[in-house]
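Letter by letter, the chains look like this.
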Amino acid sequence: MSSPPSIVVVEPDADRARLIAEALEVAGAAAIHIIGSESSLARAIATHDPDVVLIDITNPSRDVLEELTLASSPLERPVAMFVDRSDDALTRAAIEAGVSAYVVDGLRPDRIRPIIDAAITRFQMFQQMRTELEATKRALEERKIIDRAKGLIMKARGVEEEEAYALLRRAAMDQGKRVAEVAEALVSTAGLLS
Amino acid sequence: MSAVEIRAGFIPLVDCAPLAIAHEIGFAEEEGLSLVLSSAPSWSALRDELALGQIEAAHMLAPVPVAMALGLGGMPAQVDALAVLSVNGNVVGVSKDLAGKLSALGHGFDFADASRAGLALMRATEGRLRIGVPFPFSMHAELVYYWLAALGMTVPQGLDVRTVPPPRMADALADGEIDAFCVGEPWGSIAVEGGHGALLLPGASIWAGAPEKVLAARRDWIAAHPGLSEQLIRAVWRAQRWLARPENLSTASDVLARPAYLNMSAEIIERALTGHLVVTADGQQRRVAGFLRFFDGAAGFPWRSQAVWMADRLAARTGLDRLEAALAARSVYRADLYRSALAPTMADLPGASEKLEGAILEVTPVASQRGTLMLTRDAFFDGAVFDPDLRD
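Sequences listed follow chains A and B, in order.
In terms of the working numbering, the first sequence is residues 1 to 194.
In terms of the working numbering, the second sequence is residues 1 to 392.
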């Protein structure tokens, strides 16, 4: 086998799929097929007869790919997970990045490695984006709660905004908690008083 | 003394209850453990988390540790079963179209007689029956193969068994991708609620003593942490004992209904816990004794004979040596650790670690440490008895 490996990417999000495909092309993959729909997945993959199948680890349809490892698989060639079943470090790196790869048996590791590496890098980027997005969302929510807690203190104690925040911060320091946590406790129980 | 943190993964299903209850009702804490539970998106992802040490324990399909011992599946590692988490609890369901054909043939959906239902199903099906199961290595797949083979179907050739993630099962049925399914609750009930099909049989009507999920951990982790493994077994055993009391089942349903677990209506969850199922879209109800067992009849005991049964079925289907497979499987179900873990408790355990599978027809007293143990029915629908002591 000397031609560049062909790849199927299972990814319902079209934008993500495009980004993955671009990275794989740069890494030297030949044919790249994207499968977005999750119905009859095993058969859809079999029609492309790929060397490698890549899927997001959080995709519930990943269990369908497990069929490909069986002798009764819809694929003609048996598939194992990853290049070399003993390559634990690569397996771990991929899983931590959030991608799992099913690779046809007998493919030379040096030919598949750049592909897997490219996929890992791309999925790490997705993961970082997701983490950043979540952090931003959380910060926004905390900000809202702190504002409400400040409002409650201002009303109850007749103080200005600055002093209300100072009170919150002092309570947080005394309790060894974050300001947002104290604010949340205040907001969630304040309803009992009115 | 502060509690030791144990990370445990689960799939959001009714039978993750022993882990959820061990955490929520405080049984883990009583054992000095702090369970950090996380739900996994798929069985293969859960298995990989366990194999790679991202978690220490998992709610796992009973055949997965056996399959791994036989070298089957995508991830090489050795995972053992510390305890059985649940016995039975699956349902076989059919599409609206197939349900209509079965009714036309005079089938009454008694939700009990596996022979009658299976023969009717084979008569009503044109071509190969396409049936969805959650995972290639699952009791769901084993029950389907066993049931239809015993009724004369050539398996696996005569059957098209497809992997379908449980949350997609109702859609796959509605879209005509599959004709039938075997799945764990609540997904069968959800297909009925959505009007996509009817429930034909409980898994228990095919095999009344089918180990469904196990508490799994990596063998090297168990060897390095025998004390923690035993604490974990005890915490789960206490949770299972709690789940065996009918008065606790509505609390259990409420716990499982929370967003961190199944995130759905407690009413749907309670159907499986009480064995009181709605089987057709027009609301016909059936009550099944022993639909899902957590505790009665030493349900948690990891019988080595169960592991051998699964290994024998897998070996026959994948062309592996059956005697070697049986040998590999025996050591995977940790009856040894289960016994040492429960020695300080009131648990009455069976005297033997293997039994003839399928030989118990009614509740039967058996030889046990305290002489009070009753085993419950574990019969196969066709009356077969499996001797784990395989010979050529």
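Calculated from the structure, these hints are not laboratory results.
Some hints could be false.
[As the list claims (entries may be wrong)] Computed cross-link-like contacts, SDA-like style, restricted to lysine to any residue with a CA-CA straight-line distance of at most 25 Å:
1. K96(B) x M264(B)
2. K155(A) x A172(A)
3. K96(B) x S40(A)
4. K177(A) x V4(B)
[Said to hold, decoys possible] Away from chain B, derived, C-beta distances all over 12 Å, residues of chain A:
5. E38
6. R108
7. M125
8. T136
9. A180
10. G191
Just so we're clear, the structure is a prediction, and the values are computed from it rather than from any experiment.
Where is the CB? At the ideal position from N, CA and C, for every residue including glycine.
Each hint, compared with the structure:
Restraint check: the Cα-Cα separation between K96(B) and M264(B) comes to about 24 Å, which is no more than 25 Å; the hinted pair holds. Only pairs whose Cα atoms come within 25 Å are accepted, and K155(A) paired with A172(A) is accepted, the gap being roughly 20 Å. Note on K96(B) and S40(A): the hinted pairing holds, with a Cα-Cα distance of about 19 Å set against a maximum of 25 Å. Taking the CA atoms of K177(A) and V4(B), the gap is near 23 Å; set against the 25 Å cutoff, the hint holds.
Consistency note on E38(A): stated as away from chain B, yet its beta-carbon is not over 12 Å from all of that chain's, at 7 Å minimum. Every CB of chain B is more than 12 Å from the CB of R108(A) (nearest about 20 Å), matching its label as outside the interface. Interface exclusion of M125(A) from chain B stands, the closest Cβ pair being 20 Å apart, more than 12 Å. Look at T136(A): its CB is around 22 Å from the nearest CB on chain B, clear of 12 Å, so calling it non-interface holds up.
Against the 12 Å criterion, A180(A) stays outside the reach of chain B, whose nearest CB is about 21 Å from its own CB. Every Cβ of chain B is farther than 12 Å from the Cβ of G191(A); the closest lies at roughly 21 Å, confirming the non-interface assignment.
Checked against the numbered hints above, the structure breaks only hint 5 and satisfies the rest.
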